[in-house]
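This is what each chain is made of:
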Amino acid sequence: MASSKLPWLNPAIAVGGLSPLLLLAMQGAQGQLGANGIEFALNQTGLFALAVLLGSLACTPVRLVTGWTWPARIRRTLGLLAFTYAATHFLTYAVLDQGLDVRAMAEDVFTRPFITVGFTALMLLVPLAVTSTNKWVRKLGFPTWQRLHRLAYVAAVLGVVHFVWRVKQDVTEPVLYGAVLALLLAVRVGEALRKRRALARPA
Amino acid sequence: MRDKLPPEPPGSEVTPEKLYVRRREFIKNAGLFAGTAAVVGGGLYLLGMKRTRPMDGFVPDAGAVAQPVVPAQGLFSTDEPRTPYEDITTYNNFYELGLDKNDPARRAHLLKTRPWTVVIDGEVHKPWTVDVDQLISAFPLEERVYRMRCVEAWSMVIPWLGLPLGKLLDRVQPTSFAKYVAFTTLEDPEQLPGQKSPVLDWPYVEGLRLDEAQHPLTLLATGLYGKQLPAQNGAPLRLVVPWKYGFKGIKSIVRITLTREQPPTTWNITNKREYGFYANVNPAVDHPRWSQASERRIGETSRRPTLPFNGYADAVAGLYSGMDLKRDF
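Residue numbers (full-length UniProt numbering), protein chains in the order written: chain E, 1 to 203; chain C, 1 to 329.
What the hints contain is simulated information worked out from the structure, not anything from laboratory work. Any given hint could turn out to be false.
Each computed DSS-like pair below joins lysine-lysine, with the alpha-carbon atoms no more than 25 angstroms apart [as the list claims (entries may be wrong)]:
{"id": "1", "chain 1": "C", "residue 1": "K272", "chain 2": "C", "residue 2": "K326"}
{"id": "2", "chain 1": "E", "residue 1": "K168", "chain 2": "C", "residue 2": "K196"}
{"id": "3", "chain 1": "C", "residue 1": "K272", "chain 2": "C", "residue 2": "K179"}
{"id": "4", "chain 1": "C", "residue 1": "K112", "chain 2": "C", "residue 2": "K227"}
{"id": "5", "chain 1": "C", "residue 1": "K326", "chain 2": "E", "residue 2": "K168"}
{"id": "6", "chain 1": "C", "residue 1": "K326", "chain 2": "E", "residue 2": "K5"}
{"id": "7", "chain 1": "C", "residue 1": "K167", "chain 2": "C", "residue 2": "K179"}
{"id": "8", "chain 1": "C", "residue 1": "K272", "chain 2": "E", "residue 2": "K168"}
{"id": "9", "chain 1": "C", "residue 1": "K18", "chain 2": "C", "residue 2": "K28"}
{"id": "10", "chain 1": "C", "residue 1": "K167", "chain 2": "C", "residue 2": "K227"}
{"id": "11", "chain 1": "C", "residue 1": "K179", "chain 2": "C", "residue 2": "K18"}
{"id": "12", "chain 1": "C", "residue 1": "K179", "chain 2": "C", "residue 2": "K126"}
{"id": "13", "chain 1": "C", "residue 1": "K126", "chain 2": "C", "residue 2": "K196"}
{"id": "14", "chain 1": "E", "residue 1": "K5", "chain 2": "E", "residue 2": "K168"}
{"id": "15", "chain 1": "E", "residue 1": "K5", "chain 2": "C", "residue 2": "K196"}
Where chain C lies over chain E, by a calculated footprint (3+ residues, C-beta under 8 angstroms) [what the hints assert, rightly or not]:
{"id": "16", "stretch": "46-57"}
{"id": "17", "stretch": "60-73"}
{"id": "18", "stretch": "103-111"}
{"id": "19", "stretch": "151-162"}
These stretches of chain C come out as covered by chain E in the derived footprint (C-beta under 8 angstroms, 3 or more residues) [what the hints assert, rightly or not]:
{"id": "20", "stretch": "88-98"}
{"id": "21", "stretch": "196-204"}
The model shown is predicted, which means the values in this text are computed figures rather than measured ones. The beta carbon of each residue, even a glycine, is placed where N, CA and C say it ideally should be.
Please model the complete structure; the sequences and the hints are all you need to start from.
Next up, the structure:
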């Protein structure tokens with residue numbers, strides 16, 4: 001590693017992570033997204049949102065398993081990137097797909113579980129994005145902040161459910177994402193149990 | 001002499017001392033930055049690759065049509081703008097050739113559509129096993145420009161070539177026991193590799209009530225845009241029922257059987273709650289996961305309201321008088 005501070009790491013994640021979005025926007029502007037470009041953009045932004053969210057949730061398990069410290073440094077960037085993709089996904093739905101038809105969208109959100117679940121996942125990410133700054137960590141106190149940010153797991157579970165329901169028949173891909181998420185959760189649960197036992201022993 | 005000296009470089013171009021001193025480290029960091037950004041961006045790009053968009057400028061090479069065509073008018077053709085050939089032939093649901101919309105076009109070459117035999121049997125007085133070209137040449141072909149509404153809430157306007165199914169049924173003479181018509185797609189995983197995966201019960205089957213099958217709007221399509229039907233669109237012979245959702249339009253038909261009982265249909269077997277036997281286009285009956293009230297015409301950005309029976313209500317609503325289409329959807 002170049003230096004202990006890894007100054008290049010977060011800018012690289014941000015630039016690399018946003019480049020597919022930029023490519024998508026450019027291709028969309030040139031009408032190169034195929035016969036149903038809006039559907040394509042929806043699928044891509046949704047997929048990237050879930051993938052990056054899982055990436056952000058992988059940071060702590062990777063740190064626990066490997067002992068590396070750099071995953072902790074990129075967690076916030078990945079989280080904000082996931083929020084960016086989720087918000088773009090929603091805006092694509094609201095503006096391009098539904099033409100800002102508030103009634104149609106309200107009906108979707110309140111009567112169709114597939115949309116309810118996706119919308120809830122996005123809503124859960126909003127407070128996390130807002131409180132992502134150091135200032136907010138201090139303001140809330142780290143334990144409270146940490147508890148709040150466990151909502152990311154709930155959002156990811158809802159994201160996987162949304163993906164499963166989106167697919168008409170072949171659920172292989174959403175199930176793969178679900179399996180990764182389950183693995184990440186399992187590492188955390190294992191760690192929590194280990195900690196609890198370690199605490200219980202001296203007492 | 002003073003004005004011969006090179007101009008002083010602006011401050012912005014001067015390498016800061018810190019970087020000048022740690023030039024090696026700077027270059028190394030720049031490399032790591034670029035490498036990491038490429039890995040992250042490339043990784044995401046690869047994850048999204050599964051749903052690649054159709055190949056730019058891809059136009060399948062369909063054969064010519066050998067015989068004169070009668071252009072249909074009025075009820076049998078809309079004058080709405082036609083969806084481009086490229087979109088009709090690269091944006092397809094044909095799970096036998098792949099789950100993604102552009103898979104069928106990419107794998108179309110695997111399906112050999114000639115020679116091709118069609119069996120017409122069951123409750124008929126004159127069963128007929130016939131080569132598809134012989135079948136096609138036995139009837140005058142018509143061009144019919146129909147709206148096509150997919151259950152996924154997109155739509156197209158497609159200039160089909162084909163023969164009214166009713167004329168074929170007249171020829172085989174249904175018995176008085178015939179109540180339904182069942183259709184079967186070719187089953188051959190070598191030509192239709194999607195059949196190697198169990199996402200649906202293979203082969204694909206569909207069915208109509210006899211009066212729906214005999215309706216003059218119901219077409220056996222053999223071509224589109226004046227050319228032979230490309231494989232991804234269901235060559236050599238597919239069903240087109242313009243007032244029903246697209247999945248009723250079974251592709252690559254090898255068997256047409258007249259039956260006494262309502263035949264099983266693929267999407268209905270897979271998910272009864274979401275895909276009914278009738279599958280009439282109906283803005284008032286939503287799919288459980290999305291509204292059917294509006295649709296996006298391929299090539300347009302904003303949605304348009306969906307019409308009852310896809311705009312063919314005047315011609316076909318009578319077929320369903322007395323039925324509750326919310327229950328028999």
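Going through the hints against the structure:
Between K272 (chain C) and K326 (chain C) the alpha-carbon distance is near 14 angstroms, which keeps this suggested pair within the 25 angstroms criterion. A C-alpha spacing of about 18 angstroms is found between K168 (chain E) and K196 (chain C), which places the hinted pair at or below 25 angstroms, so the restraint holds. Restraint check for K272 (chain C) and K179 (chain C): satisfied, since their Cα atoms lie roughly 21 angstroms apart, inside the 25 angstroms limit. A distance of roughly 17 angstroms separates the Cα atoms of K112 (chain C) and K227 (chain C); the hinted pair therefore holds under the 25 angstroms criterion.
With a C-alpha separation of about 21 angstroms, the suggested pair K326 (chain C) and K168 (chain E) falls inside the 25 angstroms cut-off, and the hint holds. Proximity of K326 (chain C) to K5 (chain E) is assessed by CA-CA distance (about 64 angstroms); at most 25 angstroms being required, the pair is judged violated. For the suggested pair K167 (chain C) and K179 (chain C), the alpha carbons sit about 17 angstroms apart, so the restraint of at most 25 angstroms is met. For the suggested pair K272 (chain C) and K168 (chain E), the alpha carbons sit about 13 angstroms apart, so the restraint of at most 25 angstroms is met.
For a cut-off of 25 angstroms, the pair hint linking K18 (chain C) to K28 (chain C) stands: about 15 angstroms separates their Cα positions. For the hint linking K167 (chain C) to K227 (chain C), the alpha-carbon distance of about 21 angstroms falls within 25 angstroms, and the restraint holds. Annotation: proposed proximity of K179 (chain C) to K18 (chain C) is violated, straight-line Cα distance about 88 angstroms (limit 25 angstroms). Only pairs whose Cα atoms come within 25 angstroms are accepted, and K179 (chain C) paired with K126 (chain C) is accepted, the gap being roughly 16 angstroms.
Of the pairs offered as hints, the one joining K126 (chain C) and K196 (chain C) is violated, with about 35 angstroms between alpha carbons and a cut-off of 25 angstroms exceeded. Distance hint between K5 (chain E) and K168 (chain E) is unfulfilled; the C-alpha atoms sit about 46 angstroms from each other, more than 25 angstroms. Of the pairs offered as hints, the one joining K5 (chain E) and K196 (chain C) is violated, with about 51 angstroms between alpha carbons and a cut-off of 25 angstroms exceeded. Counting residues of the stretch 46-57 of chain E whose beta carbon lies closer than 8 angstroms to any beta carbon of chain C gives 4, which reaches the threshold of three, so the coverage claim holds.
Note: the stretch 60-73 of chain E has 0 residues with beta-carbon separation from chain C under 8 angstroms; the three-residue rule is not met and the coverage is violated. Here's how the stretch 103-111 of chain E fares: 3 of its residues keep a CB closer than 8 angstroms to some CB of chain C, so the rule of at least three is met and the hint holds. Under the rule that three or more residues need a Cβ within less than 8 angstroms of chain C, the assignment of the stretch 151-162 of chain E is violated, with 0 such residues. As drawn, the stretch 88-98 of chain C meets chain E at 3 residues by the rule of a beta-carbon pair under 8 angstroms; at three or more, the given contact holds.
Coverage of the stretch 196-204 of chain C by chain E holds in this model, with 3 residues showing a Cβ closer than 8 angstroms to a Cβ of that chain against a need of three.
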